[in-house]
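All chains should be built: construct the whole structure from the sequences, respecting the hints.
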Amino acid sequence: MAWLGHFNYWVVVILMMIGFYAVIARGNMVKKIMGLNLFQTSVFIMFISAGKIIGGSTPVLREGITVYSNPLPHVLILTAIVVGVATTAVGLALAVRILEAYGTIEEDELVDPPDQPADESHPGMPAGKGDTAA
Amino acid sequence: MNIGEWLPFSVLVPLIAAPVCALMPGRTGPWLLAFLGALTSLLIVAIALPVLWQGELSYPFGNWPPPIGIEYRIDAANGLVALLVAAVATFVLPWARIINNFEVPERQGIFYALFLLAFAGLMGITLTGDAFNVFVFLEISSLSTYALIAHGWDRRALLASFRYLIMGTVGATFVLIGIGFLYMMTGTLNMADLAERLPEVRDTTAVRAALAFIIVGLGLKLALFPLHLWLPNAYAYAPNFITVFLAATATKVALYVMLRFIFTIFGHDYSFFALPLTAVLLALAIAGMFAGSWVAMFQHNLKRMLAYSSVAQVGYMVLGIALATSAGLAAGLLHLFNHALMKGALFMALGTVFWRVGSVRIDDLSGIGREMPWTMTAFALAGLSLIGVPLTAGFVSKWYLIIAAMEAGQPWLVALIVITSLMAIYYIWRVVEAAWFTPAREARTPVSEAPLSLLVPLYVVVAANFWFGIDTRLSVGGAEAAARALLGGSP
Amino acid sequence: MRTNGILRVIARFLIPLIMLFGLYIQFHGEYSPGGGFQAGVVFAAAWILFALIYGLDAALEVIPERAQFVLACLGVLLYCFVGLLGVVLGGRFLDFYPLLDSPHAAQQTGIVAVEFGVGVTVATCAMLFFTFFARRKREIDAAETGEDD
Amino acid sequence: MLFAIYSLLSAGLFAVLDAGDVALTEAAVGAGISTILFLAVLALTGHEERPARGKNRLALTVVVATGACLIYAAGDLPEFGEPGNPPHVHVAPYYIEHAYTDMGVPNMVAAVLASYRSIDTMGEAFVILTAGLGVVALLSVPPRRRRHKHKPGKSEDDS
Amino acid sequence: MSAFLTQPFTVVIIPFLGAVLIALAGDRDRLRDIIGWVTSIAFFLGVIAQVGPALEGAGREQRLWEMLPGLEIAFRIEPLGLIFALVAASLWLVATLYAQCYMKVLGYRHLGRFFACYAIALGAAAGIAFSANLLTLFIFYEVLSLSTYPLVAHSGTAAARNGARIYLGYLLATSIGLLLVGILWVWQAAGTLEFQQGGIIAGHVDPSWIPLLAGLFMFGIGKAALMPVHRWLPSAMVAPAPVSALLHAVAVVKAGVFTVLKVAVFVFGTDVLVETGAGIWISWVAAFTIVAASLIALRLEDLKARLAYSTVAQLNYIVLGAMVATPLAIIGAAMHIATHAVAKITLFFGAGAIQVAHDRKKIAELDGLGRAMPITFGAFAIGTLSIIGLPIFGGMWSKWYLVLGSMQIHQWVLVAALMASSLLNILYLLVIPIRAFFAPAAEGVPEHYSEAPWPLLVAMTITASGCVVLFFWPDPLFRLAAMLVPGGAP
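Residue numbers (the working numbering), protein chains in the order written: chain A, 1 to 134; chain B, 1001 to 1491; chain C, 2001 to 2149; chain D, 3001 to 3159; chain E, 4001 to 4490.
Worth double-checking, as some hints may not be accurate.
To be verified - Restraint ranges, calculated between C-beta atoms of paired labels, are given here:
(1) 1063/B - 11/A: 36 to 42 Å
(2) 3098/D - 10/A: 33 to 39 Å
(3) 4416/E - 1473/B: 54 to 60 Å
To be verified - Coverage of chain D stretches by chain C, computed from C-beta distances (three or more under 8 Å per stretch; other residues unrestricted):
(4) 3099-3108
(5) 3120-3130
To be verified - Quick partial rundown of chain E residues pointing at chain B, CB under 10 Å, derived from the structure:
(6) 4065
(7) 4066
(8) 4069
(9) 4071
(10) 4141
(11) 4142
(12) 4150
(13) 4153
(14) 4161
(15) 4172
(16) 4228
(17) 4468
(18) 4472
No lab work stands behind these hints, which were simulated from the structure alone.
Don't be surprised by glycine CBs; every beta carbon is placed ideally from N, CA and C.
The structure is reproduced here in structure tokens:
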């Protein structure tokens, strides 16, 4: 019975493991971010299922309904979803820039010789201020 | 008016300033706004600090009493950390203005807005008394940090930022899972309420797993070995201003949150009993101390060297905490405070050198000590503090750490602390030798000393290293008050 | 896609409907599921659909990039302003009761105001995401052809 | 596409779990915005992906460890949907009972979101603003170096 | 006001202020030299002003501030510290004369940095001499290590950098790795670091641990050059001669053995050392070091290297005396600080003078040079005789008491080591002036008179006569030393 009582939870665990695996094992950055999304969604489901009461209904006050599901997890997860999409956007923007800078977004192909002098063609300043400001 | 009513504004002022800053054109305006925001925060916290040493203050948002609403609950522990964060921001910004004009010449409005968000996020994490609110502000500061690191002028900054984003988000999600378990077991998110209700359900697997998830998640954020992989590159390739700010604050705030969970919410008797925390944290701390110092000894890029040294220094802090005694906790907190001072000064000195030379590789800096004597002297002085030479802040924290280790009946730790200090001598002295006793490379054009507008802020931070090595009332008193606050009523 | 007449016709009906729906969940959020985020996203979705069908340039003429940016900042500032108003009127931050005499009306006003702030920010930020990602493709293509001598 | 479908599915799941607001958001965000962003980026990067090498065993270990920890935790978690679970007897009842009397708002989620826990929501608005600023800052830098790898030393000014 | 001016801290701070001014003067030679003179004279007078009260048994005490709870930065004048400070202050005057000439003649650059660090080193030595507790002492001990590093590396050549690296490495590693641990142990056990007559750890540390604790201290004080932590001293010989003379024959090494004595008397207490046997095993190490260093010195061809190993041996006389811990041995050790300093500085001055005048470093190249440089080699001979411990030279007294002290506890091996060392001294030191005067001239040695510049000669003459003076008037020195042991003079 304990196993069945937690069926929601097993779904969460499986989704979480798939997502997490994608984050770590995938070489492609976009896929990594997708994995991250999956990973986060599984947590959302965990929260929401914690708020469910069997026989309850959506927490909007209506006539004739006495049992409502817990509204608090819903609020938290609304926030978390927005956080998720924000992270996705920043991550994808970074991926785009990495693609432009390196020509690839496969982790395996991204090699920077660790002790090379800095890459000079970046839009930033290539060299020091020298004596010009002295 | 009661100072407690003003404390939340140390978070809100920079937060509100951020969008305004983003809309501002030019360079001076955004910088000034950022500086004023940080200064306001600092003043509020500094004025409130004496009150906090006496006891805690609570500020319920929207006037909803906790745990219905969200409160800021501020005591000596987060007061000290908030003071540190605000002070670092305030004192680094005057230095950063010229540096940023050079490294981030365009769109400074957005840049400073992101900085203000990162700053406000850290302050929010520190002051809040609600577990979920920690997650929200953690994400504000993290997201802005990713964007800020990507402003680095080397393309590797992008990669570093992306990897940090992945690891940071995984960490934050772990924390969220932990908070979720806690909520499912207790029905509350308020920290004080959690601490009250947890003992009833403490012997459940879910609470134990919650502790594990939160520690791993925060361990990622605070670069606890072996979860530190994001840190060296992120620090090395971020704009120098951001490196200084992050090195001095970000990992410290994450560590504080971990302490808050371990000591206040779970209660230290539970935390160290439910999981083999002493053994695990001690092992990781020691491994971090050695691995960090060891790798630092062979770095050519000095920013990376200091970053690895940060991994080692986080090890010191965690070491003190892992002892699970009040002396150890105070020592860890003290080192948290002092390390911010020394790493801040070291990275500022390096940033100043970078501004002139355009490189922080050790080969490029040979002979720089004669060309920029004041800057490199500041580096050497801060380096002494990192090593732990007497009269510096670093000595005081190592002293307390060693005393705490001895009191805890673990005198063998003393040897480890000493050995890693010797490693610090090696990697700091390598720089000193290159700077003063090696002839300059011919390929490098000679440079001149940095202007006073850079040197004065730098020396203020260096002076702080010595001030807190000589007059330890604030730092030691604060750390001890913070330790008391974290340990709460328990002896 | 832009030349597909059917799409254009459908879109002409659909987009106002989506926008209306967005506005509905924005201001009806207290009574039924919905609120600032959802409204913002839905509203942004309408705009993005418009951009997909009529082209990004046309969409940017309706809401220019700078306007998106400014509105994103103003949205959160509205939220903060409402919060500060509580302090100014003698309460605490984000305390809505001091806003009006009637407690229910005060709370509802506060909620609607902050939800509107959130909605604006979410909508404009979503538009900003789309604008920048979509334009990037074009810029890269331009850079590529430019470099191919 | 799969991703959008997954999002829609989870939105449906949320709706079943009485989380109307969340379902709406997940549908709009996950199936809408996120998917469009992914498509836009995939248009830039192309769809091919190399099979990752070497990391799989480590990844598997970490993931299995995490999963084990989650399953370990499950033992003492409250059962699904029981009204007596801790979340339903502490704090939440206050919202359910008082939301309407406190502020005359029938949608409790909105009440909690915008008033009881409004600082969270404000933080959330700032999160999205941060992301907006971040994307603007990252993608305002003109793209001109994609061919860098093949033409080292070539000046970028000719674009 | 005058009370303030003669406070211990004021004396300590004088060289530091001087260092700042010297650094500011930079390359303006004349100004810098004047500041150097003013500083060293002021410092000397400041130290002298402490003698009177100290002899009356009323050494001044000054507590500055509390750094950590229970840990103060504090100074106190006591006889041992005064001996050390007097030696350092008076020899600094002579060395100032010597160094200003030497550095200019040999064309060294960055003299501002050089003399500033020189002054800081002296200030640190004074801080060590006057410190009232282990913490203050440790702080100045580290300042001394750090401030002498630039002096050793001064020439900036690869050899100098390498030597300086070994130098600093040994000193910092031992002080942080062992000494600091010992200090912490004492603090943990005794709850205080204050120097007290009779020691502070009696009854606080399990007697069976005391030999280990003593080992931590004695090897931790790397500056005392107990084998095997003596390697830094030969490495430091890459430094210019004035550094070797004042710092590596006087200030730095004496700071080491001074700390040894101080720890033995005021932290452990002589009784504890004797009762637990902690002193004996270390005194055996010291005896071994004495003989081994002398044997090594025999085989070295480089003059300064030979002098360095001689210093290693002589320092261990003092360690030995401190560890034997009988009243006579302590007195002998305290006096040896002064007598060896005066003698050894003479020898290093001589080595420097030879380098200035004829650029020779190898001992074989010095044959017959005595006829060309009679004053230099005369002074050298006097210094050598004093170190051997022959009458009419000050070195006799200290060696005498050391031997007596060792005899008191029937440690015949130690007595034998001291005696053997004297014989070896003749073999490796005295042969140098003898061959210089009487051997046939080596290649290129001039037969006519060609001495070093006069300031060097004056400096050497002064220190050489100091050796003699100490033989005929040892009383003030003896009285100060005797105040160290309970019951005063034996």
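Checked hints:
Checked against the hint of 36 to 42 Å, the C-beta distance between residue 1063/B and residue 11/A comes to roughly 40 Å, which is consistent with it. Checking the proposed 33 to 39 Å range against residue 3098/D and residue 10/A shows it holds: the Cβ atoms sit about 35 Å from each other. Taking 54 to 60 Å as the suggested C-beta distance range, the pair residue 4416/E and residue 1473/B conforms, at roughly 56 Å. Coverage of a stretch by a chain is defined here by at least three residues with a beta carbon nearer than 8 Å to that chain's beta carbons; for the region 3099-3108 of chain D and chain C the count is 6, and the condition holds.
Only when three residues or more bring their CB closer than 8 Å to a CB of chain C does the claim for the region 3120-3130 of chain D stand; here the count is 7, and the claim holds. Interface hint status for residue 4065/E: upheld, as the beta-carbon distance to the closest one in chain B is roughly 7 Å, under 10 Å. This hint holds: residue 4066/E has a C-beta 9 Å from the nearest C-beta of chain B, less than the 10 Å allowed. Hint on residue 4069/E holds. Least Cβ distance to chain B is approximately 7 Å, under the 10 Å limit.
The criterion of a C-beta within 10 Å of any C-beta in chain B is met by residue 4071/E, whose closest approach is roughly 8 Å, and the hint holds. With its C-beta approaching chain B no nearer than about 9 Å, residue 4141/E sits inside the 10 Å limit, and its interface hint holds. The restraint placing residue 4142/E at the interface with chain B holds, with a minimum CB-CB distance near 5 Å, inside the 10 Å limit. The beta carbon of residue 4150/E is positioned within 10 Å of a beta carbon in chain B (closest approach about 8 Å), and the interface hint is therefore held.
Interface hint status for residue 4153/E: upheld, as the beta-carbon distance to the closest one in chain B is roughly 5 Å, under 10 Å. For residue 4161/E, the suggested interface contact is upheld, since its CB lies about 5 Å from the closest CB of chain B, less than 10 Å. At a threshold of 10 Å, the smallest CB-CB gap from residue 4172/E to chain B is about 6 Å, leaving the interface hint in force. The beta carbon of residue 4228/E is not positioned within 10 Å of any beta carbon in chain B (closest approach about 17 Å), and the interface hint is therefore violated.
About 41 Å separates the beta-carbon of residue 4468/E from the nearest beta-carbon of chain B, more than 10 Å, and the hint is not met. Using the Cβ-Cβ criterion of 10 Å, the hint placing residue 4472/E at the interface with chain B is not satisfied: the shortest such distance is roughly 42 Å.
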